[in-house]
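Asker: Here the protein sequences come in this chain order: A and B.
Taken in order, the first sequence gives residues 1 to 237; the numbers are from the numbering used here.
Taken in order, the second sequence gives residues 1001 to 1350; the numbers are from the numbering used here.
Calculated from the structure, these hints are not laboratory results.
Note that the structure is predicted; figures quoted are calculated from it, not measured.
Beta carbons are placed, not taken as given, at the ideal position from N, Cα and C, and that holds for glycine.
Keep in mind that a hint or two might mislead.
Said to hold, decoys possible - Counterexamples of contact, computed for chain B against chain A with all Cβ distances above 12 Å:
| id | residue |
| --- | --- |
| 1 | Ser1134 |
| 2 | Pro1136 |
| 3 | Ile1149 |
| 4 | Gly1151 |
| 5 | Leu1191 |
| 6 | Trp1230 |
To be verified - Pair by pair, the computed Cβ-Cβ distance ranges are:
| id | chain 1 | residue 1 | chain 2 | residue 2 | range |
| --- | --- | --- | --- | --- | --- |
| 7 | B | Asn1165 | A | Val176 | 21 to 27 Å |
| 8 | A | Gly168 | B | Pro1136 | 31 to 37 Å |
| 9 | A | Val75 | B | Gln1066 | 56 to 62 Å |
| 10 | B | Gln1193 | A | Gly101 | 34 to 40 Å |
| 11 | B | Ala1059 | A | Trp15 | 31 to 37 Å |
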Amino acid sequence: MATPPYADIARNGLWSNNPALVQLLGLCPLLAVTGSVVNAIGLGLATTAVLACSNLAVSLVRRQMPETVRLPVSVMIIATFVTCAELVMKAFTYELYLVLGIFIPLIVTNCAILGRADAFASKNPVLPSLVDGLMMGLGFTAVLIVIGAIREVLGHGTLFADMDLLLGPMAADWTVHLLSASYPGFLVAVLPPGAFLVAGLLIAGKNAIDARNERRRSQQVKIVPGTKRVRTTGKIS
Amino acid sequence: MTLIRASSPHARAGDNTARVMLQVAAATIPGVLALVVYFGIGVLINIALCTVTALACEAAVMKLRQRPVAFYLKDYSALVTALLLGIALPAYCVWWIPVVGTFVAIMLAKHLYGGMGYNPFNPAMVGYVVLLISFPVDMTRWVGPAELIHGAPGFGEAFSLVFGNYNVDGFTRATPLEIVRLNHSILLSQLYQSEPIFSQGTVAGLGWETASLGFLVGGLFLLLRRVITWHAPVAMLAALTLMSLLFYDAGSSLSKGSPLLHLFSGATMLGAFFIITDPVSGATSNKGRLIFGAGVGLLTYVIRAWGNYPDAVAFAVLLMNFAAPTIDNYTLPRTYGHKAPRRATDVEEQ
């Protein structure tokens, strides 16, 4: 497999092969911890770090890995980096670590990470693998943040609440009250069904944008009359 | 041989969607009248708010999907969804509750799944459940019957309750199902004597039983007009009766309530005749409808008796909506000239 250019790797990770919106991988954390922006950023960054590091490491040992045990080896590598991420969060963002709880160790089971390790890093050189992990992670994080923002606004009427859990005291007053204090809170947005609803709507939105772009592109192709016979029926294969 | 189209739309020649929907709407009149007599005009305000929102949402979606707006508004399906949701909501709830619920019902539950005829879940019940889990406090404050609260709220009071910041707490009473649910100390017969909502009513609580009777009458009208078939409602009521008989416990302090209470209180009758008979989200064949209805009855009782919510028709309907495609698959009728029906899960013989 030829290594794709960096632009393609970036576009794949961020948009056209986005782990959350297209591959639908890592839905467990996607649905469980996107109740607020701070949770989403916290888990998204942790996942991105693990994804980039594990892709790098798997790519480094890809020639030494026997085919039959490549999945256990990948999982071991991922688990190592997840433990690192967990310890770092415990040390620097302890409150957020408590909030995210079990979902930090559960990053090990995020199929997006194992998927990239097996589908990309085990077949490509080190640098493209690192970029791929980074881009996939950023794409995942971006979706987490959007879902977190929508759910936080609908559910609590705030945005960027409790950001100090992640960024320290300087972010303590970042909370934006978009809606009045008497806003009752649309509880379903904070509950699991709300995560499914918002994620589904985002996927629909992405598909709609893709379809519109596709339509525009096909309209731009002008057929110059007289140069070729134009087939008007049937399928051109 | 009778040629009954078992598959939706169940309208037969001469009928069309609009006529069926109007008959369903007309059939709710006795029940709604009973609600108005006992609980005041709250239910009418709910219905009005739901209807306006539903028509606005439907028109907006049709505009977005570039479909003829007037054509789809005139099939009255949005109207019936709004009507059923309006009836199901607690009277005199704040104005945005019906609006949000109807928006969810029409936009999410109906049109995101493809619109009329494609929705796997009953839109009104989706709207109701989203509201119930989002705003549990507002959605469980039920106004008591007029006799028990010194008269139902008048026009002015009703509008302050719905649009102003009047607190409805002064008018609310526990519903019959809630009272029986929370009873763990006295015999049912004593409870019926001590609680005015039971002692002034006959079997299932003042007001509630009359409204249920109204919806039963409306349901029988739909049966007579052949808008619905008997299978689903009879199965649901039978399953509910059987379960409540089994766990009646001879009216002890731990009794889960008599069969009559379960049949004529809460949303049983509305659900049996107006909700689970929905041809789109329910099962399709007659045998399937029997299973579908029995499932709804069973789940309703299970959630009422051992769940966290006093009433459960909406949850039961949605759970069975999930099961409806599977039920359809296994109850496919035999096609004339074939031995056994082909099923989607059949393995092709090589």
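Asker: Using the beta carbons of valine 75 (chain A) and glutamine 1066 (chain B), state whether their distance is inside 56 to 62 Å or not.
Answerer: Given a distance of about 50 Å, which is not inside 56 to 62 Å, the answer is violated.
Asker: Does the claim that leucine 1191 (chain B) lies off the interface hold, with its Cβ farther than 12 Å from every Cβ of chain A?
Answerer: holds (32 Å)
Asker: With respect to the beta-carbon atoms only, verify the hint that asparagine 1165 (chain B) and valine 176 (chain A) lie 21 to 27 Å apart.
Answerer: holds (26 Å)
Asker: Beyond 12 Å from chain A, beta-carbon-wise, is tryptophan 1230 (chain B)?
Answerer: The claim holds: tryptophan 1230 (chain B) sits with its nearest Cβ about 34 Å from chain A, beyond 12 Å.
Asker: Would you say glycine 1151 (chain B) is clear of chain A, with no C-beta pair closer than or equal to 12 Å?
Answerer: For glycine 1151 (chain B), whose nearest Cβ neighbour in chain A is about 29 Å away, the distance exceeds 12 Å, so it holds.
Asker: The output says isoleucine 1149 (chain B) does not contact chain A. Does that hold with a beta carbon cutoff of 12 Å?
Answerer: Holds, because the least Cβ-Cβ distance between isoleucine 1149 (chain B) and chain A comes to about 25 Å, which exceeds 12 Å.
Asker: Is the hinted range of 34 to 40 Å satisfied by the C-beta distance from glutamine 1193 (chain B) to glycine 101 (chain A)?
Answerer: violated (51 Å)
Asker: Quick check on a hinted range of 31 to 37 Å for alanine 1059 (chain B) and tryptophan 15 (chain A), using CB atoms only.
Answerer: Taking Cβ atoms as reference, alanine 1059 (chain B) and tryptophan 15 (chain A) lie about 34 Å apart, which means the hint holds.
Asker: Please confirm whether proline 1136 (chain B) is truly not at the interface, meaning its C-beta sits more than 12 Å away from all C-beta atoms of chain A.
Answerer: It is violated; proline 1136 (chain B) is separated from chain A by about 7 Å at its closest Cβ, not greater than 12 Å.
Asker: Return holds or violated for the Cβ distance of glycine 168 (chain A) and proline 1136 (chain B) against the range 31 to 37 Å.
Answerer: Holds - the Cβ-Cβ distance for glycine 168 (chain A) and proline 1136 (chain B), about 36 Å, lies within 31 to 37 Å.
Asker: Please verify that the nearest CB of chain A lies beyond 12 Å from serine 1134 (chain B)'s CB.
Answerer: Label violated. Min Cβ-Cβ 4 Å, cutoff 12 Å.
Checked against the numbered hints above, the structure violates hints 1, 2, 9, 10; every other hint is satisfied.
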